[in-house]
Amino acid sequence: MRIYLDNNATTIVDRRVKDAMMPFFVEKFGNPNSLHSFASDTHPALKCAMGQLYNGINANQKDDIIITSCATESNNWVLKSIYFDHILNSEKNHIITSEVEHPSIIAVCKFLESLGVEVTYLPVNSQGIVEVATLENAITDKTALVSIMWANNETGMIFPIKEMAQLCQAKGVLFHTDAVQAVGKLKVNVSDVPVDYLSFSAHKFHGPKAVGGLFIRQGKRISPLMHGGEHMGGLRSGTLNVAGIVGMGYALEIANRYIAYEDKSIRYLRDKLEDALLDIPDVFIIGDRANRTPNTVLASIKGVEGESMLWDLNRSNIAASTGSACASEDLESNPIMEAIGADLDLAHTAVRFSLSRFTTEAEIDFVIEKTNEAVKRLRAISSSYAYTPKNHKSEL
Amino acid sequence: MAFEDLIGGSIWDEYSQKVQDLMNNPQNQGEITEEDAERIGGKLIVADFGAESCGDAVRLYWVVEEKTNIIKEAKFKSFGCGTAIASSDTMIQLCKGKTVDEAVKITNIDVEHAMRDNPDTPAVPPQKMHCSVMSYDVIKKAAGQYKGVDAESFETEIIVCECARVTLGTLQEVIKLNDLKTIEQITDYTKAGAFCKSCIRPGGHEEKEYYLVDILADVRAEMEQERLKNIADGIVTGTTTATFADMTIVQKLKKTEEVIDEFIRPMLIMDGGNIEIIDIKQERANIDVYMRYMGACVGCASSSTGTLFAIENTLKEKLDENIRVLPI
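For the protein sequence lines, the chains are A and B, in the order given. Heads up, the first sequence is in numbering that gives the first Met the number 0, so the first residue is 0 and it goes up one at a time. Heads up, the second sequence is in numbering that gives the first Met the number 0, so the first residue is 0 and it goes up one at a time.
Source of the hints: derived by calculation from the structure; they are not laboratory data. Don't be surprised by glycine CBs; every beta carbon is placed ideally from N, CA and C. Treat the hints loosely; a few may be bogus.
To be verified - To give an idea of the chain B side of the interface with chain A (calculated C-beta under 8 Å), a few residues:
| id | residue |
| --- | --- |
| 1 | Glu33 |
| 2 | Ala50 |
| 3 | Ser52 |
| 4 | Asp55 |
| 5 | Arg58 |
| 6 | Gly79 |
| 7 | Gly81 |
| 8 | Ile105 |
| 9 | Ala284 |
| 10 | Ser302 |
| 11 | Leu307 |
| 12 | Ala309 |
Unchecked claim - Using 25 Å as the maximum straight-line C-alpha spacing, the simulated DSS-like pairs for lysine-lysine come out as follows:
| id | chain 1 | residue 1 | chain 2 | residue 2 |
| --- | --- | --- | --- | --- |
| 13 | B | Lys17 | B | Lys42 |
| 14 | B | Lys71 | A | Lys392 |
| 15 | B | Lys104 | B | Lys146 |
| 16 | B | Lys175 | B | Lys228 |
| 17 | A | Lys392 | B | Lys139 |
| 18 | B | Lys97 | B | Lys175 |
| 19 | B | Lys104 | B | Lys66 |
| 20 | A | Lys79 | A | Lys186 |
| 21 | B | Lys254 | A | Lys392 |
| 22 | B | Lys17 | B | Lys66 |
| 23 | A | Lys389 | B | Lys71 |
| 24 | B | Lys146 | A | Lys375 |
| 25 | B | Lys254 | A | Lys389 |
| 26 | A | Lys389 | B | Lys146 |
| 27 | B | Lys42 | A | Lys392 |
| 28 | B | Lys207 | B | Lys254 |
| 29 | A | Lys389 | B | Lys228 |
| 30 | A | Lys186 | A | Lys17 |
| 31 | B | Lys175 | A | Lys369 |
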């Protein structure tokens, strides 16, 4: 048995989704923009998939949902095009985001800073979310765009997006949200939440990789970054990823059907795991569970370095994650731990478990058992719990 | 390296079997109490290095027989990743039975080599070399405690890149001898900066006293000063080998004035005229000398033809073929 609890990184493709995609590799391989029957073969399924996406986030027919290659592309597109359309040759020169955004926001902001844009990175509170008042205080008459994530990838904490979007709307500032961790997990309704732009990605909700989308509110169109043809109304050129679009549409429809199930049953499994983690001494959970995506728990286990924990879990065939330390290519600690003001000693101890609708109770029971074993073993090796002789002044 | 670098996330695949085995089952993990030390018959030394807040920390326990200075028993405790645990374990293995003076000579590179499955394949990926450095630092700390001296005193040279153990002296020498101009060249020549990259510039994983960017800038500045000094010395002593093009702007101006004084001005002054040099600029391959006519030369018909050619040709002949004279 191999257990996958890294669903905030990517998810297994639902078999029904895979089956729906298969005809578009061989039987119906045509380029939808051509003028022959090979092209028109693809049209009914594409129309259906686009309908599923519009319904999936309750978009208006007059809004755009542009298909991209991933949410990283969607995020890049919004920020860079806002720079071209609303900052370059304009009075405005300010973008607001948060300290805990995904690198596809933070890195673009750093790049824009190098071009002279002023960027404010809003801090989060001890719960790991940006407060509406913090945002309100940061908005100036120079602010062109606010970009705040709907839910955080590390903690699962849900941000007050509706209030923030309403605030920006009232102040006449454009608002973008990276909703990668929300779409397919939470009810996302763009008719109720006045965001101008919203990014999402299929592989986070049991769809295929390398296909994502950008919702653009009617009247808020931005310049394309991909020039080349007339695809997607000229806004995003490149031959349509027919199988990907079909898969993403269907995957979102299915995911939305499971939202109630996830909120009840997956939340129950997550809470069971979380309670078991809290039974271990010196374990801390980041963020109030009621205000989190139901599948996510980020735990800090004192004295257990993140990569070591992943190593032991992996030996027990359990996949989890840590954005921290040695487990990633660079050696830095999980930025969320610093952002929420956690004890520095805990910066390298964060482990994230992210469940999906495919997670079973038997799996969670096994994970609880193996996690306890790993913590026991690694704490026995850890200097954090080491014997200190009377005359030795610890420098750890 | 591009092919290797494009798909990430393979650090565990690059651990040697020995590293993996030691991580799964460390042989020397544990603690030694005062009572244990007394029973073994030696002095208990406990040394700490690193910090949990930095991602790795290690505590070393030694029992040293005071008569012989031999490490009779050793154990460790470690907060860190697999490499940190395996390196600490290997370090303990290498210390045991050695004298304290011998143990201080163990480096992180010895530890890494001891963890290799075969002599030619590194035991850990480059970015993990950093995690083995601590096991070396903690030995110095323990030896310092035992001898009652500062741990730094075991290091006779300043180490800039700890992962590859490259000293400040080596770096300065290599930059100078090979006329290195970029960090990439330094890494190619010395391996400094090839591993955890903390020593390249501020802002990396670890704060350093010396960074490669600063060392490179300092050595290059020193080399430039030497070059100028050589030219200046050569001009004073008349033994310069520097060409006109190599000279600084000030030197070029002086040299040009000298030639004008000797070969051009006397003739112009005879006719009631003169010139002054306004500026000298390097314009791609050309050296442009901007000048202004004075006195009778102003408005003289020959000033834009014969006189100008004479001035330009004299400077070309005496100084540099690429000189152009531009009257303002």
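The hints, checked one at a time:
A hinted interface residue such as glutamate 33 of chain B counts as satisfied when its beta carbon comes closer than 8 Å to some beta carbon of chain A; here the least separation is about 5 Å, so the hint holds. Look at alanine 50 of chain B: its Cβ gets to within about 6 Å of chain A, closer than 8 Å, so that hint holds up. Taken as an interface hint, serine 52 of chain B checks out: its beta carbon lies about 4 Å from the nearest beta carbon of chain A, inside 8 Å. Hint on aspartate 55 of chain B holds. Least Cβ distance to chain A is approximately 7 Å, under the 8 Å limit.
With a least beta-carbon distance of about 4 Å to chain A, the hint placing arginine 58 of chain B at the interface is held under the 8 Å criterion. Residue-level restraint check for glycine 79 of chain B holds (minimum Cβ-Cβ distance to chain A is 5 Å; threshold 8 Å). Here the hint on glycine 81 of chain B is kept, as its CB sits about 5 Å from the closest CB of chain A, short of 8 Å. Of the supplied interface hints, the one on isoleucine 105 of chain B is violated, with its beta-carbon coming no nearer than about 20 Å to a beta-carbon of chain A, more than 8 Å.
This hint is violated: alanine 284 of chain B has a C-beta 34 Å from the nearest C-beta of chain A, more than the 8 Å allowed. Hint on serine 302 of chain B is violated. Least Cβ distance to chain A is approximately 48 Å, over the 8 Å limit. With its C-beta approaching chain A no nearer than about 46 Å, leucine 307 of chain B sits outside the 8 Å limit, and its interface hint is violated. A distance limit of 8 Å between C-beta atoms decides the matter here; for alanine 309 of chain B the minimum to chain A is near 52 Å, and the interface restraint is violated.
Only pairs whose Cα atoms come within 25 Å are accepted, and lysine 17 of chain B paired with lysine 42 of chain B is rejected, the gap being roughly 31 Å. Distance hint between lysine 71 of chain B and lysine 392 of chain A is fulfilled; the C-alpha atoms sit about 23 Å from each other, no more than 25 Å. Distance check on the hinted pair: lysine 104 of chain B and lysine 146 of chain B sit about 15 Å apart at the alpha-carbon level, within 25 Å; holds. Restraint check for lysine 175 of chain B and lysine 228 of chain B: satisfied, since their Cα atoms lie roughly 16 Å apart, inside the 25 Å limit.
For the hint pairing lysine 392 of chain A with lysine 139 of chain B, the CA-to-CA distance comes to about 17 Å; that is within 25 Å, so the pair holds. Among the hinted pairs, lysine 97 of chain B with lysine 175 of chain B is inconsistent with the structure: their alpha-carbon atoms are about 39 Å apart, more than 25 Å. The hinted pair formed by lysine 104 of chain B and lysine 66 of chain B meets the criterion: a straight-line CA distance of about 20 Å does not exceed 25 Å. As the CA atoms of lysine 79 of chain A and lysine 186 of chain A are separated by approximately 28 Å, the hinted pair breaks the 25 Å bound.
Among the hinted pairs, lysine 254 of chain B with lysine 392 of chain A is inconsistent with the structure: their alpha-carbon atoms are about 69 Å apart, more than 25 Å. A threshold of 25 Å between alpha carbons decides the hint, and for lysine 17 of chain B with lysine 66 of chain B the separation of about 35 Å lies outside it, so the pair is violated. For a cut-off of 25 Å, the pair hint linking lysine 389 of chain A to lysine 71 of chain B stands: about 21 Å separates their Cα positions. As the CA atoms of lysine 146 of chain B and lysine 375 of chain A are separated by approximately 36 Å, the hinted pair breaks the 25 Å bound.
Between lysine 254 of chain B and lysine 389 of chain A, the direct Cα distance comes to roughly 77 Å. Violation of the 25 Å bound is thereby established for this hinted pair. Proximity of lysine 389 of chain A to lysine 146 of chain B is assessed by CA-CA distance (about 20 Å); at most 25 Å being required, the pair is judged to hold. For the hint linking lysine 42 of chain B to lysine 392 of chain A, the alpha-carbon distance of about 16 Å falls within 25 Å, and the restraint holds. Only pairs whose Cα atoms come within 25 Å are accepted, and lysine 207 of chain B paired with lysine 254 of chain B is rejected, the gap being roughly 46 Å.
For a cut-off of 25 Å, the pair hint linking lysine 389 of chain A to lysine 228 of chain B is broken: about 62 Å separates their Cα positions. At roughly 24 Å between alpha-carbon atoms, lysine 186 of chain A and lysine 17 of chain A fall within 25 Å of each other, so this suggested pair holds. A distance of roughly 56 Å separates the Cα atoms of lysine 175 of chain B and lysine 369 of chain A; the hinted pair therefore is violated under the 25 Å criterion.
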